[in-house]
Amino acid sequence: MRTLAIVLCLILPAPAAAQQADRSRPPALGPAPPVTPPAIQRRALSNGLRVWIVEHHEVPVVQVDLIVRSGSAADPSGKFGLASLTAAMLDEGAGARDALQLADAIDHLGASLSAGISVDASSVRLHVPVARLNDALPIMADVALRPTFPQRELDRLRNERLTDLQQGRDDPGEIVRAAFPLVVFGPQHRYGTGGVGTTVTLKSFTADDLRAFHAAHFRPSNGVLIVVGDVTADAVLPLFEQAFGSWASAGAASTAAAVTAPPQLRARRVVIVDKPESAQSQVRIGWVGAPRSSPDFYILQVMNTILGGSFTSRLNQNLREQHGYAYGAGSGFDMRRVSGLFFAGAGVQTDKTAESLTEFFNELNGMLKPIPAEEVTKAKNYLALSYPRDFETTRDIAAQLATSFVYDLPEDFFNTYVQKIQAVTPEQVQAAAKTYVQPGKFVVVVVGDRKAIEAPVKALNLGPVTFMRVEEALR
Amino acid sequence: MRRRYCGIALAVLLAPLAASAQPKLEVPYTQFTLANGLTVIVHEDHSVPLVTVNVWYHVGSGREKPGRTGFAHLFEHLMFEGSAHVKEGEFDTLLEAAGGSNNGSTNGDRTNYWIDAPSNAVEVALFLESDRMGWLLDVMSPERVNGQRDVVKNERRQSYENQPYGLASIVLDEMLFPKAHPYHWPTIGYMDDLTAASHEDVVDFFQKYYPPNNASLVLAGDIDAARARAFAEKWFGEIKPRDPVPPLDVPPAFLTSIQKRTLTDRVQLPRLYLAWVTPAQYRPGDAALDIVSQVLAGGKNSRLYRRLVYDLQIAQDVTAFQASAALASTYQIVVTARLDRKDGRTVTPQAAIEDVHRIIDEELDRLRAEPPAEREMERALNQVEASFLDGMEAVGGFGGKADRLNAYYFATGNPDYFNEDLARYRALAPGDIRAAVTRFLPKERRVELTVLPETQK
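Chains as they are written, first to last, in the working numbering: chain A, 1 to 475; chain B, 1001 to 1457.
Don't read these hints as lab results, they were simulated from the structure.
Check each hint, because a few of them may be wrong.
[Said to hold, decoys possible] Within a straight-line C-alpha distance of at most 25 Å, the following computed DSS-like cross-link-like pairs (lysine-lysine) qualify:
1) A/369 with A/451
2) B/1065 with B/1208
3) B/1179 with B/1300
4) B/1342 with A/203
5) B/1300 with A/203
6) A/369 with A/434
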C-alpha cells in the first residue's frame, strides 16, 4: 500500500546461520509492515449515545472514555475556568456516594477514574481490569451523569486551584505557558487564559454555575462512549445500555459557545517576564497557528517535523546538538476547532539567551528557503512509519478515537493517514512555510532574569520590548 | 544458559474469575549468552508490528569517582553521538527515517537504552546499538564531550536549578548516605564535576563498564526467536569482552539520629521532606513499604491525604514512596504545606510545617500501634495488581515489557520475575505493614528537610 523511497530491498534472513555483519553502510530496510489501525465497531444505545468499541485482547484491561464535545472553549465570557472546575467536581460526589466513598469504591476495584477537559472536550475516563468492569461502570455513570456538586467540596477544590495558580508563579515553565498565549490572544479571548481560569473567575463560581454547565453540555447527543480493551462488542453493549441508556436525551445539546477566530499578529515584538535568578530563560516565539480542520493538516505535520517536531529537527539540532544552549528545543501547532498557537520554544541557559534567540530566528527564516527534498522525505517517513505506535495500548487507542470524535474526522482518517502524509510534496511544505512561518510578525516571550537578559535581548533589535510581571501572566 | 521457552503469544493469563480476580502474569522468553558474555533475552509479541531493542549496562552513577560526579549520565548522552560506522547525528537520523525512536536513562545502579522501531527496521536498530557497544571510542573526541557537557548542564538547570524545590532531592541524598556511599551524590552530577569531565574519563569509563559482558540485551516484539538469535549473533558477536566488573565496595548506609536541615528557595509554599534509608529492592520490607505508601498517600482515603489535604486542608499535596534501588532504598514522605487556614487565618511557614510534621508523626504512630484495616489492605493490593496489568500493555519505551524483563534480569537473574514480584505483595498481611513502619521508619533516626520560601530566611 505504500510507496516509500526508503524501501530498497527485501531482506529474508537466513535462519540461525551466523552471518557476517557489514558495517560499511546501514542495513537496508525490509518492506514496512502494513499499518492496520484498529477496527472500530460503531454502535449506539437506545437514547442515541454513540458507542465506539475496539476489541483489543492483549491484556485483560479495558479503557472506557466518555467524551463530550465541550471543553474550556465553551466557557461563557467572564467565566473562564467553568468547564474545568465542572469536570474536576464530577467525582467529588455523585449518585448516592460522597467524594470519599467514590474514591474508595474506585480504588478498591484497582480502577482509575478521572475527569478532565481539553479546549474542545470534557471527558470521564475509566481504566479497569476487565473482570471488574461490571462493578466500575455504574460508578462511572454516576460520576458522569449524576454529580451532586456539594458546596464544601467546591470550596475545597476552589482553594486548591487558587493555591495551584499561586504556586505556578514559582515555575518558569508554568509562567511561559501562561504568558505566551496571553500575549498572542489577549486577556479577552478564551485562548489567552489557561483552562483553569483566573483567580477572579475561580472565586466567582457557584455550584449552580457548575450544574448549569453540566446540564447544558453533558448530553447523549454531544457525546460518545469509547471502549477499548479485552471485551467483545456484543457482550458489553448491554452493560453500557444499563449504565448509560437511561441518560435523558431530551433537548438538543447546547452547542459549544463558538470561540471567535483570533486576529492574526501583524508586527514583531518582545515581552520579557522577569523571574530573578533564573538559571534558564524560557523562550516562546510564534503567533496564531491553524485549526484542526485546516486543509493543510498533513502538510503542517511534515513541516513542523522538519522545523521542531522531532529530535533531528532543525531547532533541536541547532540549539541542543550544535550549540548546547538548551536541553531540547522544538516547535508545534496547537490545533483546535478554532486556530490555536504555533510556537517554537526552549529553556535556554541565561547567559546565552540572546544568542539562542538569534539561532531561533535563523532556523525560522531558514524555513523560507528551499527545503531539500530528502529532508521532506525523512520527515514523512518518520511520521508515517512511527504511526503504529499511536495505537499500542488501550489508552493510546482510546485517545486516538477521542480526537477523531471531537474533531469530527472522517471515518477513514486512520486508514488514510500514512498515504496522505506520504503524498505531501516539498513544494507544498515550502508554500505552507511561507504562510505559517512569518518570523517578522512573531511575538517573542522570554521568562528569565531581566537583569541578565534585558540588554543583550534589546541589542538584537527584534522589535519593541515590553515587560510583564509574573502576577500578570498567572492572574 | 537456556531458560525456558514458551511459544504462546498471549502474555497474560487470567485465572478463572473468583470473587476477586487473580491475574497470572507471564512473559514468555528465551535467554542465551553470546561467547563474549552478552546476555540476550528474547520475547515475542506480535500484536503490533514493532520491535524494541533494550540494553542495560550494569553501571550507574554509583560507580563514579568523587570529583567526577554526573559522569555515567554524561556518558549516556555520548552514546547517541555516533560511533565508528555511524556518523555524528546519524544515530537519530537513520532511526527517525525508519520511523523509530529512542532514549536512555541513568540512575545510581544502571544505564538503560531503548530503540523502538517498526519490525522491518530491526537490523538498523541492532546495527546502531551494536556499533556503539563495540566501536564508540573510535570517533570519540574532546569536542563531542564538550558538546554534550553543555547539554547536560542545561538539563541540570532545567530539571533542578530552575525547578521549584529542584535542589531538595540532591540535598536529601547527601543527608541520607555517607560521603563515600555511591548514592551520596546526584546522578545528574555537580556543575563543577561536569566541567571537569575529560575525554580520558570517557575512554576509561567505556573500557571498564561498557563491555558486552557487563550488559544485557532484550529483543522484544514482532520478531521470532530464531531470527532474533541470529541477528544478535550477527551484530553483537564480534564485540570483544573485557575484564569483569568487580562488585562495588559499599560502606554501610544507616542513620543513627535525626538529621535536620532547612533550605530556602524561590517558592510560595514551604515543604517538608521526611526520609529514611530502607531495605534494598526485593529485600524483605521493600514490598511492605510500597503498601505503606498506598495506605499513607494513595488516593483520597489514604491516611495522610485524607487528614492533611482533604479534612484539615493544611497541605496542598502529599506523596509517600519507597524509592527502591539495588544497594539501599530510601523512603520519603513529602508534603507541601499551605499557609491559609479554613477559618481565614494565615500562618507562618514555620508554623505550617510544624502542623504538618505533627500530623505525619501521629499517623506513623498509629500505624506503628495497629495494623491497617482489611479494607485498606485490599484497596492497596488491588491497586498494585492493576498497575502490574497496566505494565503489560506496552512492549517498548521506559517501563515497557522489554525494559522490565531487563530490570528483573538485572536484579534477580530471572527476566520473568513478574509473578514472583507480585507474589511479594500478595503474601503481605496487615501485621507486616505495621512491622515495616515500626522497623524501617523510626521517628528517632531519619532526615528532616524543610524548604522555606526565600522571604522567610
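Structure-based check of each hint:
Restraint check for residue 369 of chain A and residue 451 of chain A: the C-alpha separation of about 36 Å exceeds 25 Å, so the hint is violated. The suggested pairing of residue 1065 of chain B with residue 1208 of chain B holds, with an alpha-carbon distance near 13 Å, which does not exceed 25 Å. At most 25 Å may separate the alpha-carbon atoms for a hinted pair to count; residue 1179 of chain B and residue 1300 of chain B exceed this at roughly 39 Å. Between residue 1342 of chain B and residue 203 of chain A the alpha-carbon distance is near 15 Å, which keeps this suggested pair within the 25 Å criterion.
A threshold of 25 Å between alpha carbons decides the hint, and for residue 1300 of chain B with residue 203 of chain A the separation of about 24 Å falls inside it, so the pair holds. Only pairs whose Cα atoms come within 25 Å are accepted, and residue 369 of chain A paired with residue 434 of chain A is accepted, the gap being roughly 9 Å.
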